[in-house]
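Given these sequences and hints, build the entire structure.
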Amino acid sequence: MVDNLGFIAAAYVVVWGGIAAYAIGLARRRDRG
Amino acid sequence: MIETTASPFPAIRLRPWLGIVATALASIATWMALLWAPTDAAQGDVYRVIYVHVPTAWLAYLAFVVVFLASIGWLWTRRPWFDALAVSSAEIGVLFTGLFIVSGSIWAKPTWGVWWTWDPRLVTTAIMFLMYLGYLLLRSLSIDFESRATRAAVLGIIAVVDIPIVHLSVLWMNSLHQLPTVMRIGAAPSLDRTMGMTLGISVIAFTFVYLALLVERMSIERVRQQRVLEGRS
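Chains as they are written, first to last, in our numbering: chain A, 1 to 33; chain B, 1 to 233.
What the hints contain is simulated information worked out from the structure, not anything from laboratory work. Beta carbons: idealized from backbone N, C-alpha and C, even for Gly. Each hint should be verified, as a subset may be incorrect.
Said to hold, decoys possible - Pairwise CB distance ranges (calculated):
| hint | chain 1 | residue 1 | chain 2 | residue 2 | range |
| --- | --- | --- | --- | --- | --- |
| 1 | A | Val13 | B | Arg227 | 33 to 41 Å |
| 2 | B | Leu130 | A | Val13 | 36 to 44 Å |
| 3 | A | Trp16 | B | Arg78 | 34 to 42 Å |
| 4 | A | Leu5 | B | Gly134 | 31 to 39 Å |
| 5 | A | Val13 | B | Thr194 | 18 to 26 Å |
| 6 | B | Trp115 | A | Trp16 | 19 to 27 Å |
| 7 | B | Trp76 | A | Gly17 | 32 to 40 Å |
| 8 | A | Arg30 | B | Leu138 | 20 to 28 Å |
Structure representation (structure tokens):
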């Protein structure tokens, strides 16, 4: 059993989710010209 | 005299490849971090946050050093390319500093018992975040291309002073935060070999993510510069 799984999952979701959200935002800005 | 046109950004051809390499390395790094690296004897599994926390810190430092170098480049040559590099790197640096603070806060709760404390490392990092947020806000205060780039470059050069303060704050002051484990002055990293290898791959993966985002953001900025500069001439 992995201890503190919620904290580990939260950290990875926040970091990779944040990067993915920024990358999607950049793609939209590029498409808008 | 500054250039009145902005030529197309040549590194844009690398964009798909950087994206593919970054995604592949990030997948490998995440697998190593969550499944391959051993459990820490003292902290248990929660230490695995280190594999996203330290790379985001490294990228915050790297991004703001790039802002510093690009700012010198702009003041020296007046080439808009340097200004595009500076603003792009600053924006990505703010993102990674934010992620650095949030991932640290998530790690702090189970290990220190609090989400936030007025620790020197945390405070100096928050100041760094606000300084570069200020850098981006400063750019929005002027509509003249040259004066905006010059004011921003001056701030970009001054603000880099905070990076060694953030990194060395744990040595200079009494701190709850652990001492540097990887970038130690005059000493080897104090990590287990497997953990060190996982951290190394994570840092490389995040660096490629930074490069992919930087190329994308710069291509947008170069198009914007082209519109502004051609509108002036």
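Status of each hint after checking the structure:
Taken as a hint, the range 33 to 41 Å holds for the pair A/Val13 and B/Arg227, whose Cβ atoms sit roughly 37 Å apart. Between B/Leu130 and A/Val13, the C-beta spacing of about 25 Å breaks the proposed range 36 to 44 Å. The given range of 34 to 42 Å is respected by A/Trp16 and B/Arg78, whose C-beta atoms sit roughly 38 Å from each other. Range check, A/Leu5 to B/Gly134: about 38 Å between beta-carbon atoms, so the 31 to 39 Å window is met.
Range check, A/Val13 to B/Thr194: Cβ separation about 24 Å, and the 18 to 26 Å hint holds. In this structure, B/Trp115 and A/Trp16 meet the distance hint of 19 to 27 Å, their C-beta atoms being roughly 20 Å apart. Separation of B/Trp76 from A/Gly17 is about 39 Å and conforms to the stated range, judged on CB atoms against 32 to 40 Å. Separation of A/Arg30 from B/Leu138 is about 24 Å and conforms to the stated range, judged on CB atoms against 20 to 28 Å.
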